[in-house]
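Enquirer: In order, the protein sequence lines correspond to chains A, B and C. Counting in full-length UniProt numbering, the first sequence runs from 1 upward without gaps. Counting in full-length UniProt numbering, the second sequence runs from 1 upward without gaps. Counting in full-length UniProt numbering, the third sequence runs from 1 upward without gaps.
Source of the hints: derived by calculation from the structure; they are not laboratory data. Since the model is a prediction, treat every value here as computed from it, not as a measurement. Note that CB positions come from ideal geometry on N, CA and C, so glycine has one too. Watch out, some of these pointers could steer you wrong.
[Stated by the list, open to error] Quick list of in silico lysine to any residue cross-link-like pairs, SDA-like style, CA-CA up to 20 Å: (1) C:K170 <-> A:E412; (2) C:K25 <-> C:D97; (3) C:K124 <-> A:D257; (4) B:K149 <-> A:A394; (5) B:K233 <-> B:L218; (6) B:K149 <-> A:V393; (7) C:K211 <-> C:D234; (8) C:K170 <-> A:H409.
[To be verified] Output of the computed footprint for chain C on chain A, the stretches with three or more beta carbons under 8 Å from beta carbons of chain C: (9) 231–242; (10) 254–266.
[What the hints assert, rightly or not] Here are the in silico distance ranges between beta carbons for each label pair: (11) B:G98 <-> A:Q384: 20 to 28 Å; (12) B:G156 <-> A:T233: 34 to 42 Å; (13) A:T233 <-> B:G155: 31 to 39 Å; (14) B:L197 <-> A:F397: 50 to 58 Å; (15) C:E268 <-> A:R401: 52 to 60 Å; (16) A:P403 <-> B:L195: 54 to 62 Å; (17) B:P150 <-> C:G203: 26 to 34 Å; (18) B:V198 <-> A:E259: 56 to 64 Å; (19) A:F397 <-> B:G25: 51 to 59 Å.
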Amino acid sequence: MSTNATDTRVRLETLWEHDAVKILAIFGVIYLTYALIGLALGYSLDGIVNTLRRMTYLIAVYGMVTLALNLHWGYTGIFNIGIAGFMAVGLYVTMMLAKPTDPAGAAQYAGLGLPMPVAIVGGVVAAGLAGLIVAIPALRLRADYFAITTIAFAEIVRLGITSGALQEFSLFGIELGTGGGRGLIGNYGDPMNVIFELEVFSSFVDLTNSLFGFGPRQARALAYSMVLVIVLTGIYWLIQRTSRSPFGRVLKAIREDEEAAQSLGKNTNHFKIKVFVLGCALMGLAGILWRFRRTGVTPEAFRPHVTFYIWIALIIGGAGSNTGSVLGSGLFVAILFEGPQYFRRLVEQVITFGDAPNTFAGSVAPILSGNTAPFVRYTFEEFQTLQFVLMGVALVFLMHRRPEGLLGHREETAAAIPLIRRSNDDSTAGRGGDSS
Amino acid sequence: MTTEQLLTLVVGLGAFLLLGDLFIGILNGTYSISRVARYAVEGTLYGLIIGLAGIGLSMTYSILNFANFAHGDYVTSGAFFGWGVTYLVAGWGTANFGHLVLVGPQRGVGGSQLEITITSTPVAIMAGLLVAGVGTALFVYLIDRIAYKPMRGSGGIPLLITSIGVAFALRYLIVFVYSNRTRGTTSGDLPSLDLLLVDGWVSVDAHDATLIIAAIALMLGVHLMLQRTKLGKAMRAMSDNRDLALVTGIPTEQIIRWTWMIGGGLAGSAGYLMVLWTGTIDWQFGWLLLLLIFAAVILGGIGSIYGAIFGGLTIGISMHLSMVWLPGGDFTTITAFLIMILVLMIKPAGLFGGKTTA
Amino acid sequence: MSDTEIGSQSDTVQPEGQQNDVELKVDGLVKRFGGITAVDSASFEVESGSMTGLIGPNGAGKSTTFHCITGIHRPDGGSVRFQGNDITGIRPYQCADYGLVRTFQIAREMANMTVLENLMLPAKQQSGEQLWRSVMPFARRDVIEEERELLERVWDILEFFEIEHIAEEKAGNLSGGQRKLLEMARALMIEPEMLLLDEPFAGVNPTLEHKLLDHIHELREEGYTFLIVEHDMDLIMENCERVIVMHQGSVLAEGNPETITSNEQVIEAYLGGDV
Ligand SMILES: Nc1ncnc2c1ncn2[C@@H]1O[C@H](COP(=O)(O)OP(=O)(O)O)[C@@H](O)[C@H]1O
Ligand SMILES: [Mg+2]
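All chains should be built: construct the whole structure from the sequences, respecting the hints.
Expert: Structure, rendered in C-alpha cells:
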C-alpha cells in the first residue's frame with residue numbers, strides 16, 4: 001500500500017513536470033474555487049458562469065501583457081516599467097483609426113473610419129514604433145536608467161493624451177482627437193462583429209442560452225473572452241517559439257552577460273531592439289483587446305498601476321518562464337485582483353456590519369476602550385484601498401521570500417531542439433574515464 | 001563625432017534658440033516680462049521643493065545603489081505627519097483630536113477655518129515642519145528595517161522592484177488612514193510683497209518666503225553635516241567607495257541608517273513645505289512628484305547633493321518657463337521628463353556626475 | 001564600405017607579410033581611465049600561427065590591452081591591425097566576425113544557461129538568429145536542421161575537452177577550472193583564427209592545466225594563433241616561442257624566451273613587481 005502511495009506520488013510528480021498539466025491544475029483550482037464562491041454567494045448558474053467569464057477575460061489580457069514583459073525582462077533582461085504607455089498607444093491609435101470620419105452627435109471627435117482589423121494592425125504597429133523610438137536611444141543605458149526612461153515615456157503618453165492640445169488635432173489635414181481627459185468614445189460597431197455576424201454564432205447564442213441561461217449580450221461577452229484565450233494561446237506559442245530558438249538563445253545570453261555575448265560575435269543591440277519592439281507591439285495588442293469593446297476609454301486607465309499589476313503577475317509566476325507568466329497572471333487575478341472583493345462579499349454574507357465609522361480615527365479610538373468592532377467595520381468599508389496595500393505588500397514579500405516566483409528557475413531550454421545526449425553516448429567511455 | 005556630441009550640439013542649439021527667443025521676445029514685448037518673471041519665481045520655488053526632496057533620493061541612490069521608487073510617498077507621508085501636528089496646535093479644542101491629527105479626513109474644520117498661515121500660526125507651522133522632518137526620518141528608518149534591510153546584499157534591480165511595492169503599499173496606507181480627500185490646509189489671507197515689473201505685478205507672499213528660507217536652511221544644514229561631521233565624511237566616502245568607508249571606522253550599517261533618516265527627513269520636510277506653499281494636500285502628490293525628483297537627481301548627477309539642488313531648480317524653472325511657449329500648463333511635466341530623457345541620452349552621469357556626495 | 005577598405009589595406013601590408021606573416025599588430029595603443037594611463041603606447045606584433053605569451057606584473061595593462069584590441073574598450077590612441085585590416089575601435093561583435101576571439105580573465109560564462117546552450121550560442125551564421133525564421137513554420141524546419149548539426153559540433157568540442165559529463169549542467173554550477181575550459185571551448189565554437197586568452201590557467205588545478213595546455217598545443221598545430229596572458233613566467237617560457245613583456249602600460253621587451261629571461265629590465269620589473 002505504501003509502495004502504491006509513493007508510486008502515485010512519483011507519477012503525479014512526473015505529471016506535474018508538464019507545463020500543460022500545471023496550467024490545467026492551477027486554473028482548475030481557481031475556477032472551481034470561484035464557482036464555489038459563486039454558489040456560496042447564492043449566484044444563479046448564469047451568474048457563476050459570468051463570474052468565471054470575467055476572470056477569464058482578465059487573466060487572458062493580463063496574461064498577454066505578462067508574456068510580453070517576460071520576453072523583455074525574463075528573457076532579455078530589459079527592464080521595462082512603461083508597459084501602460086505602450087498599451088495606451090495601441091488602444092488609442094486603434095480607436096482613432098476605427099472611429100467614423102463623421103463626428104456626429106455625442107461621438108465627439110472624428111476618426112479615420114477604417115475597418116477594425118486594419119485599425120488593430122495600425123495600433124499594434126504604432127505600439128511597436130513607440131517601442132522603437134524608446135529603444136534606439138535608450139537601450140544602451142543602465143537597467144535602472146532605462147526603467148526610469150520607460151516610465152517617463154509612459155507618463156508622457158498619458159499626459160499627452162490628457163492634454164487639451166491633443167484633444168482634437170489635425171494631422172495632414174485629417175481631423176483626429178484623443179479626447180483629452182474626458183476620454184474617447186468608441187462609437188464604432190462592436191469590434192467583434194466579424195464573429196458575431198457569423199451564421200454559427202446564433203447557434204452559439206442558443207447553446208449558451210440552453211446551457212447557462214445566457215442572453216445574447218452575455219453570449220457575446222463569453223465569445224469575446226474565448227477569443228481572448230485563443231489570442232493568449234497564440235502569443236504563448238509565439239513567445240515560446242521565440243525563446244526556444246537561436247534567437248532566444250542570444251536573448252538569454254544578453255540577460256546573463258551582454259558584453260560577453262558581444263565578444264562572442266553577437267550584435268546585441270540588434271537583438272535588443274527587435275525584441276523590445278516585438279514586446280511593445282504585443283503590449284499594444286493587449287491594450288487594444290483589453291478595452292476596445294467598451295463604450296469609451298479615458299487616459300486614467302493607463303496610470304502606472306497597470307504596469308505594477310503586470311510586474312506582480314510576472315514575479316508570482318517567475319521571470320523567465322512563459323508558463324509561469326500565464327500562471328502568474330491567473331494567480332494575480334484570482335488572489336490579488338478579484339479575490340479581496342469576493343472575500344469581502346463572502347464575509348458580508350455571514351456577518352452583517354453596522355455603519356462603519358467614517359474616519360480612521362473614529363475606528364481606532366474605540367480600540368483603546370477594548371472595542372475592535374468599529375475598526376473591523378472601517379476595514380471592510382475601505383477594503384478596496386487595503387487591496388492595493390495588499391498588492392504592494394505581496395510584491396515586497398515575494399522579493400524577500402521567493403524572487404524566482406513559481407517557475408522562474410531559468411530552466412527553459414534556449415534551443416530549437418531538445419538538448420539530449422547523443423545516441424552514441426558510449427563513445428565517451430573510451431576517452432577520460434573520469435568523465436562518467 | 002559621436003552620437004552624444006551630436007545630441008549635445010542639437011540640445012545646446014535648441015536651448016540657445018529658446019533663450020534667445022525669450023530675450024528678444026521680452027525686449028520687443030511679445031512676452032510679458034512680468035509673466036516671465038512670475039514663471040521664474042514659481043519655478044524657483046517648485047525647484048527648491050524638488051531639490052530638497054531630491055537630496056535624500058540622491059543620497060540613498062548612491063549609497064545603497066538603487067533607485068527608490070517609494071521616495072515620493074515619503075514626501076506625502078511627511079506632509080501628513082507634519083500637517084496633523086499643525087492642525088492640532090492651531091486648532092486645539094476647536095475639533096476632536098482624530099479629525100485634527102488626520103488633517104481633516106472628512107469635511108469640517110480645515111485650514112481656512114483654523115486660519116493657518118505662517119503669520120497667524122507660526123508656532124503650529126514650526127512644530128509641523130519639525131514633526132514632518134523627524135517623524136518621516138523615523139518612519140523611513142522603520143521602512144528600511146522592514147522592507148530593505150533583509151535584502152541588503154541584493155542588486156539594485158531587485159531593490160528597485162521591492163521599492164515599487166513599498167511605494168504602492170505606502171500610498172494606499174495613507175489613503176486608508178488619512179482618506180483620499182483633497183483638502184485645503186491654509187487660509188488665503190497672507191501678507192505679500194508685490195513688485196511692479198514694467199507691465200505687471202510679481203508677488204512673493206509669506207509662504208513663498210517661508211519655503212525659501214526653510215529650504216535654504218535645510219540645504220545648508222546638510223552641506224555642513226556632510227562637510228564637517230565625521231558621519232558626513234563617512235557618508236561621502238561610502239558613496240565613493242564602500243571599502244574605503246570601512247576604514248573610517250564607522251560601521252556601514254550605521255551610515256546606511258543615517259542616510260535613510262536624513263534623506264527621509266528632508267523628503268518629509270519638502271512635502272510639508274510643498275503643502276504650505278500650494279495650500280492643499282492629497283494622498284498622491286508625492287508620487288506625482290517622484291519622477292520630477294528623479295529628473296532632478298539624474299540631471300544633477302546621482303550622489304551629488306549640489307547636483308540634486310541644481311537639478312531641482314533647473315527642472316522647476318524649465319517647467320514653468322515652458323509655459324511661455326506652451327501655454328496652459330499641460331506640458332510642464334512632459335517638458336521635465338523630456339529634459340530628463342535628454343540628459344540620460346547625452347550625459348547619463350549627470351552634470352555634476354562622477355563627483356559623488358561632495 | 002568595409003570591403004574596399006579591407007582590400008586596400010591588405011594590399012599595402014602584403015610585402016612585409018610575405019617574409020613574416022603578422023597576424024596581429026598593435027601600434028602605440030593608449031588607454032586612459034580618468035587619471036590613470038592603463039595602456040601607455042604599447043606596440044607589439046603577433047606572428048601567424050605562433051603561440052605568443054604576454055606577461056607582466058599585476059596592473060601592467062595586459063587585460064586592458066585585450067579589451068582595447070577586442071573592442072570592449074575604445075582606445076584613446078594608437079591602432080590595431082588584424083590580418084592587415086585596421087580594426088581599431090571596432091565593436092566587440094565585429095571583432096569576433098574577423099576571427100579574433102578572446103576569453104576573459106574572470107570567466108564570463110552565461111551562468112543560467114547550460115553548458116550546451118553556452119556552446120551553441122557563439123556559432124556563426126545561425127539562420128535561426130533571425131526572429132522570423134525561428135517563428136515561421138517552414139523556415140523553422142531549416143533552423144531545426146541547423147540546430148541538430150550545431151549540436152553535433154558542440155558534442156565534438158565537448159569530447160575534445162573531455163567535458164561531456166557536464167553538458168547539461170548550468171554553467172553557474174561549474175568549478176573555476178571547468179568554467180575556464182568552457183570559455184575556451186565557447187571561443188572555439190566561433191571557429192576563429194586567433195585566440196586571445198586572458199589568464200586561462202588562473203584557478204585551474206595542475207592536472208587540468210596540463211590537459212588545457214595539451215589542448216592548446218593541439219589547436220596550435222591545427223593553425224590557430226594564440227596570444228596568452230599569463231602570470232606564471234615559467235609556464236610562458238616553456239610553452240611560447242615569443243614573449244611580450246608589459247610593464248606600467250608599455251611594452252618593456254619582446255623576443256624569444258631566452259632573450260627575455262636574460263633581459264635585466266624584465267627581471268627588475270618582475271622583482272619589483274609581485275613575483
Ligand atoms: N575599468 C577601469 N577603470 C579604471 N581603471 C581601470 C579599469 N580597468 C583597469 N584599470 C586600471 O588599469 C590598470 C591596468 O589594469 P589591467 O589591464 O587589468 O592590468 P593587468 O591585466 O595587467 O593585471 C590598473 O591600474 C587598473 O587599476
Ligand atoms: Mg588582467
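Enquirer: None of the hints should be skipped; say for each whether it holds.
Expert: Now for the hints, and whether the structure bears them out:
1. C:K170 <-> A:E412: holds, 11 Å
2. C:K25 <-> C:D97: The hint holds at about 18 Å.
3. C:K124 <-> A:D257: holds, 18 Å
4. B:K149 <-> A:A394: Holds, because 17 Å separates the two Cα atoms, which is no more than 20 Å.
5. B:K233 <-> B:L218: Measuring from Cα to Cα gives roughly 18 Å; hence the hint holds.
6. B:K149 <-> A:V393: holds, 15 Å
7. C:K211 <-> C:D234: holds, 17 Å
8. C:K170 <-> A:H409: OK: C:K170 and A:H409 at ~11 Å, within 20 Å.
9. 231–242: holds (count 3)
10. 254–266: Satisfied; 11 residues make the cut.
11. B:G98 <-> A:Q384: 20 to 28 Å: Between B:G98 and A:Q384, where Cβ atoms are some 22 Å apart, the hint holds.
12. B:G156 <-> A:T233: 34 to 42 Å: holds, 36 Å
13. A:T233 <-> B:G155: 31 to 39 Å: holds, 35 Å
14. B:L197 <-> A:F397: 50 to 58 Å: With Cβ atoms ~56 Å apart, the hint holds.
15. C:E268 <-> A:R401: 52 to 60 Å: This hint holds: roughly 57 Å between Cβ atoms.
16. A:P403 <-> B:L195: 54 to 62 Å: holds, 57 Å
17. B:P150 <-> C:G203: 26 to 34 Å: holds, 32 Å
18. B:V198 <-> A:E259: 56 to 64 Å: Hint holds: Cβ distance 58 Å, inside 56 to 64 Å.
19. A:F397 <-> B:G25: 51 to 59 Å: holds, 55 Å
The structure shown violates none of the earlier numbered hints.
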